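S.K.: Listed below are the residues making up each chain.
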Amino acid sequence: MIKKVFIFVLLLGVGSIFLSLSDNFKEQKELKGIGRYYAENAADELGAANLVTAVVVTYRGLDTLGEVSILFLTSAILGFILSLKKTGSEDDKQVFLPASEILVTASKVMIPIIFIFGAYVFINGHLTPGGGFQGGAIIASAIVLSILAKPESKISHSFISTIESIAGIGFIGAGILGIVLASGFLDNRIMELGTFGTLISAGAIPIIYIFVGMKVGAELTSILVNLKETKNIE
Amino acid sequence: MQYLTLQNIGFATGFILILIGIWGFLTQKNIIKIIISFALFDTGTHLLLVAVAYIKDRTAPIIDSSVNSANAVNEIVDPVPHALALTAIVIGLGITALMLTFTLKLFKHKKSLDITKYKDLKW
Amino acid sequence: MIYIILSVFLGLFIMVMAIVAVQTDNLKVAIIATGIVSLFASIMFLIYAAPDVAMTEAAIGSGLSTIIFFYVLNKIRKSND
Chain A
1 MIKKVFIFVL LLGVGSIFLS LSDNFKEQKE LKGIGRYYAE NAADELGAAN
51 LVTAVVVTYR GLDTLGEVSI LFLTSAILGF ILSLKKTGSE DDKQVFLPAS
101 EILVTASKVM IPIIFIFGAY VFINGHLTPG GGFQGGAIIA SAIVLSILAK
151 PESKISHSFI STIESIAGIG FIGAGILGIV LASGFLDNRI MELGTFGTLI
201 SAGAIPIIYI FVGMKVGAEL TSILVNLKET KNIE
Chain R
1 MQYLTLQNIG FATGFILILI GIWGFLTQKN IIKIIISFAL FDTGTHLLLV
51 AVAYIKDRTA PIIDSSVNSA NAVNEIVDPV PHALALTAIV IGLGITALML
101 TFTLKLFKHK KSLDITKYKD LKW
Chain Z
1 MIYIILSVFL GLFIMVMAIV AVQTDNLKVA IIATGIVSLF ASIMFLIYAA
51 PDVAMTEAAI GSGLSTIIFF YVLNKIRKSN D
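Residue numbers (the working numbering), protein chains in the order written: chain A, 1 to 234; chain R, 1 to 123; chain Z, 1 to 81.
Please note that the accuracy of each hint is not assured.
[To be verified] With a cut-off of at most 25 Å between alpha-carbon atoms, the simulated SDA-like pairs for lysine to any residue come out as follows:
| id | chain 1 | residue 1 | chain 2 | residue 2 |
| --- | --- | --- | --- | --- |
| 1 | R | 111 | R | 38 |
| 2 | Z | 75 | A | 77 |
| 3 | Z | 75 | R | 109 |
| 4 | A | 26 | R | 16 |
| 5 | A | 150 | A | 114 |
These are calculated hints, taken from the structure and not from any lab test. For clarity, every value in this text was computed on a predicted model and none was experimentally measured.
Work out the full structure: start from the sequences and follow the hints.
M.R.: Put into structure tokens, the structure is as follows:
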């Protein structure tokens, strides 16, 4: 009982803080500060049509590097914890029910299309909504479909980790090239900016986003495959 | 009626989602339900971030044929909170996956999802 | 105006689904309700002129995390019933 009263009082307190916060919030009429700078200069400086991409990849590229590392750490810790459980119980194989006919047939058509759509999303990240994270998630969902259609198939861990390492090295390498050839780490002006609004433009942003997309896709795939290969707990 | 703006609706939804999340992880006993409450809390913060960035009658921060590049400052919403929300969503998935993995590990030891059965650190 | 009406309905639906997700005893229903909260939040992001965030939330928040929840639930439920 005392616990319920305590929780109620806590929620009331947090709620009143929120109420006064939104009461004091003044509606923005125009862009201020850093947002204004990005809106005025990002298109000319970096040549990216999508300003969110310009912020994520170049202006705050270091944050993206940290984010990708956190995702990598997650998949590494997850693999470590789940592999501790798998040892010593390799003798009994998992039994899978066969997937339905419709799912198997549809997956053959859908998986290549979903892969191409994911690649489209991260290659066009500087022009349209989308980018490496969304594209990587779409590719991982194609892998989910293939796992559902063929539960007994194995997805090679070394293949996933190879792609992941190549993408990571490429991402860091593009960043270091920015120090050498342009003005700082992860600067995208190591290449010609090109015509504004075309596919090959915005310097290194498409290349960095392709690496981010591959890396995120590989990490999410590794999380899913690790969870799939864990034995059911009896 | 003047309070019924898009921004205020976003604030209300976000704050109430956060409150439901806090209420959930304080009252629920099932570990999966606690993790679900954290996910709701996450969604609430993303809604708040995006609602803060919104400016009335403006469009998405993408410069194309419909947004004049020279006058972009007066036509687009704030892109910085969008970038933050993007980061927050991906990290939220990582946190959810980690918590669920630890749940699997805990379930293997005690064969229970009830958080009150885990008393090893209680004194 | 139409956006305000739409977002009021979306907001109310999100709140109801969140309460369902926390209150229900059926874990499957709770997980699906969380996915629906994310999906409708992504529509709200689109109304707030944030297509990037909407795409991420739809692909990651409502797609992949629901799948991960179900994977783990599947591993656990086998022994419960």
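S.K.: Look at each hint and say if it fits the structure.
M.R.: Results of checking the hints against the structure:
no.	hint	result
1	R/111 x R/38	23 Å, holds
2	Z/75 x A/77	19 Å, holds
3	Z/75 x R/109	14 Å, holds
4	A/26 x R/16	20 Å, holds
5	A/150 x A/114	17 Å, holds
Hint check: no violations occur; every hint is consistent with the structure.
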